[in-house]
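Novice: Sequences listed follow chains A and B, in order.
Okay, so the first sequence: first residue is 8 according to the working numbering, each after it adds one.
Okay, so the second sequence: first residue is -13 according to the working numbering, each after it adds one.
Just so you know, the hints here were simulated from the structure itself, not pulled from any lab data.
The beta carbon of each residue, even a glycine, is placed where N, CA and C say it ideally should be.
Take the hints with a grain of salt, since some may be wrong.
Chain A regions said to be covered by chain B (calculated; three or more residues, Cβ under 8 Å) [what the hints assert, rightly or not]:
1) 27 to 36
2) 78 to 84
3) 87 to 96
Listed next, the in silico PhoX-like pairs over lysine-lysine satisfying Cα-Cα at most 25 Å (straight line) [stated by the list, open to error]:
4) B:K152 <-> A:K61
5) B:K152 <-> A:K97
6) A:K97 <-> A:K143
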Amino acid sequence: MSLVDVEGLSVRYGARTVLSNVSLRIEPGEIVTIVGPNGSGKTSMLRAIIGAVKPYRGRVTQGRDVTIGYVPQKLHIDETLPITVSRFLKLPSGAAALDIEHALAQAGVPDLVNAQLSQLSGGQFQRVLLARALIKKPDLLLLDEATQGLDQRGSASFYQQIESVRQETGCAVLMISHELHVVMSASDRVICLNGHVCCEGTPAVVASAPEYRALFGTGTGGALALYRHEHDHGHDHGHDHDHTHGQTHDHGDHNHDCSEGSD
Amino acid sequence: MLDDFMVRAALAGAGVAIAAAPLGCFVVWRRMAYFGDATAHAAILGVAMSLAFSMSIFIGSMTVALMMALTVSVLSGRGYAMDTLLGVLAHSALAFGLVAVSFITGVRIDLMAYLFGDILAVTRGDLAVIWGGAAIVVALIGWRWSALLTATLNEDLAYASGINPKREQLVLTFALAITVAVAIKVVGVLLIAAMLIIPAAAGRPLSRTPEGMAIAAGAIGIFSVIAGLRAAYEFDTPAGPSIVCVAALTFLLTSVFRNVRA
């Protein structure tokens, strides 16, 4: 049973269609990355999954007893709102002190329990957001450009943290990222979005797809090389990834043109 | 004890301060200060209507305040910047209210009492209304506290936790309308926003958690009421504005305290 099943989803803001007829499924344990240009509906996709936007058409189904942890894009905490990390992690329905410690340790920031949220650096803040998402022991982590505003080292170490969380908990990850080299090295599956699904599959397949190249150019050859290099080390996380499931890897008959956009 | 007008005044002020404390924190955190002002100014129109139709002032001002707050919520994000929209609505509601009051013949109305409050004339009945209203506001915000806080931090975070931020916004709007209605008698429509914002802002440097800030705001609000009434008695100054002056001085003190500590 899939964790999340999105079928024929269309999302509209007023008269503007940002997503049309998108289908995707997230299976337990896999890391899936959504790439796409600005305004391609990536964030709307995640917002539809958490229920923040209503589908105009189609539907989003969550598997039974599936818990979702959501890490938003960099969020602004008003200076006037005093709140400690541990209080933040208790929102909205409380959490045991032990769970808070554990989640912060998993996110790589065990010493921040009593820090003020507004005093954290960008990297610390993102890890605290990750800890908050982890506290409910999610089956699926949703990350919306979680490394925006971090430097390259910061974001690389953030994604390493995600990887180690996945190994430890076995949760699936669905993330949006602009950092193609990271995407290519860390994902089991890549979905290239531009109002609709342009192409999807393993990083290698997507990187060589003409639709992907039309959007991102061929400058990502290096990323692909990096991906291959990384992949030689194997992604043995103690669970199976079924890389043959259904809709994903058949790229024989693309007839959309990615560059035509959504509107 | 309730026979003493000063005791009644202090109790009325304390009731408003207690309701205003948690609500005021949200007004500050969500940058709704001007929104609170607009709602309060609209209440004068409610006062005029209550007098015209001989209804309870509490019901009339609460209804208009609620309508105002809902109108602003609905209109926001439709072509005008929020501060422009509030500026138009708040001041036109105040102006229409003042004009409407002038049409009411018969009883000569002391408009000043509604603009600046008349805390020294609080009756036992007023006290019951004020404390009843304050209890509703505190219960409402206490009940929704965690959800409101989550929605204030980030709307998508709220959705992901199964909270509808729009519903929480309505809770705040409703609490604001009640607070405005009960505070008219105490500080008047022009200074209600001050009772919401100043104690909360003054409590900020003293607190590390949201709950701490609400409690600090309540304590500062009650202190301002008592010290302000005392000062008004001593120097023969208007009571409502004196209360706000004490709150403002407290804000000054805690701000200095923060800067010294930093």
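Novice: Does each hint fit the structure? Answer for all of them.
Specialist: Taking the hints in turn, this is what the structure says about them:
Counting residues of the stretch 27 to 36 of chain A whose CB lies closer than 8 Å to any CB of chain B gives 0, so the stated coverage by that chain is violated, three being the minimum. Counting residues of the stretch 78 to 84 of chain A whose beta-carbon sits less than 8 Å from any beta-carbon of chain B gives 3, enough to reach three: the coverage restraint holds. Residues of the stretch 87 to 96 of chain A with a Cβ under 8 Å from some Cβ of chain B number 7, which satisfies the need for three, so the listed coverage holds. The suggested pairing of K152 (chain B) with K61 (chain A) holds, with an alpha-carbon distance near 14 Å, which does not exceed 25 Å.
Of the supplied pair hints, the one linking K152 (chain B) and K97 (chain A) holds, its CA atoms being roughly 22 Å apart against a limit of 25 Å. With a C-alpha separation of about 10 Å, the suggested pairing of K97 (chain A) with K143 (chain A) holds against the 25 Å cut-off.
Violated hints amount to a single one, hint 1; each of the other numbered hints is respected by the structure.
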